[in-house]
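Start from chain A and add chain B according to the hints.
Line by line, the protein sequences give chains A and B.
Each step along the first sequence adds one to the number in this note's numbering, with nothing skipped, and position 69 is 69.
Each step along the second sequence adds one to the number in this note's numbering, with nothing skipped, and position 38 is 38.
Simulated from the structure, these hints should not be mistaken for lab results.
No experiment lies behind these values; they were computed from the predicted model shown.
Hints may contain errors.
To be verified - Only pairs whose alpha carbons sit at most 27 Å apart, straight line, appear in this in silico BS3-like list of lysine-lysine: (1) Lys-64(A) / Lys-98(B); (2) Lys-108(B) / Lys-41(A); (3) Lys-64(A) / Lys-42(A); (4) Lys-70(B) / Lys-41(A); (5) Lys-20(A) / Lys-66(A); (6) Lys-55(A) / Lys-20(A); (7) Lys-42(A) / Lys-108(B).
What follows is the residue order along each chain.
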Amino acid sequence: GAVVSQHPSRVICKSGTSVKIECRSLDFQATTMFWYRQFPKKSLMLMATSNEGSKATYEQGVEKDKFLINHASLTLSTLTVTSAHPEDSSFYICSARGTVTSGSVIDTGELFFGEGSRLTVL
Amino acid sequence: TQLLEQSPQFLSIQEGENLTVYCNSSSVFSSLQWYRQEPGEGPVLLVTVVTGGEVKKLKRLTFQFGDARKDSSLHITAAQPGDTGLYLCAGRSSGTYKYIFGTGTRLKVLA
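One chain only, chain A, in its complex shape (with noise of 0.2 Å):
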């Protein structure tokens, strides 16, 4: 099946840095990519779906130039979380958008996922 890696799978920062996160999909190009938060035993909240090769579009109440997102090529998306501070401590999860082919192309919209990153800001 379809492979998706993010890097680091833990990051610890000090207060005012800023961290990268990166969602690699190994075996497929994904033009679309999605990027969740997750808070401590609660739901995958979205943050933005990225675009290759165009700005990504943000999900109401999330700060785009806190979290800047990147889709540079098919098969790599970022994620940078800019000016950390304590409240953005989460568990960020990258999904990458499969296309199921079967002689025509049928699209079902399955989302393969990222292991997740955990970020601990100090």
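Frame of chain A; chain B shown alone:
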């Protein structure tokens, strides 16, 4: 804003018992997925349903998509400790590729 409400939020049962988790919304979805997530890991897809009234079975798990495509249920028969985890439904509306996740149901199966 689309909301996907899951119930119950928490469920603790004994091994061998049956359970049902519900996922409800006022919105219509073109497809709906169920995931299970272990602590510290990404969600793992269990099933995708796309047709109103559709029923899919995966071993001891039975998934149903509501006729109006606004709700779904997950039924587990003879639960096992390995079923423990966070169960998430996620819906996608027509015309968009993004999935919105439900509020989640945390299941614990005791041996």
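Hint by hint, here is what the structure shows:
Restraint check for Lys-64(A) and Lys-98(B): the C-alpha separation of about 18 Å stays at or below 27 Å, so the hint holds. Taken as a hint, the Lys-108(B) and Lys-41(A) pair is honoured in the structure, with Cα atoms around 13 Å apart against an allowance of 27 Å. With a CA separation close to 22 Å, the supplied pair Lys-64(A) and Lys-42(A) stays within the 27 Å bound. Restraint check for Lys-70(B) and Lys-41(A): the C-alpha separation of about 25 Å stays at or below 27 Å, so the hint holds.
About 12 Å separates the Cα atoms of Lys-20(A) and Lys-66(A), which keeps this hinted pair within 27 Å; it holds. For the hint linking Lys-55(A) to Lys-20(A), the alpha-carbon distance of about 17 Å falls within 27 Å, and the restraint holds. For the suggested pair Lys-42(A) and Lys-108(B), the alpha carbons sit about 15 Å apart, so the restraint of at most 27 Å is met.
Of the numbered hints listed earlier, not one is contradicted by the structure.
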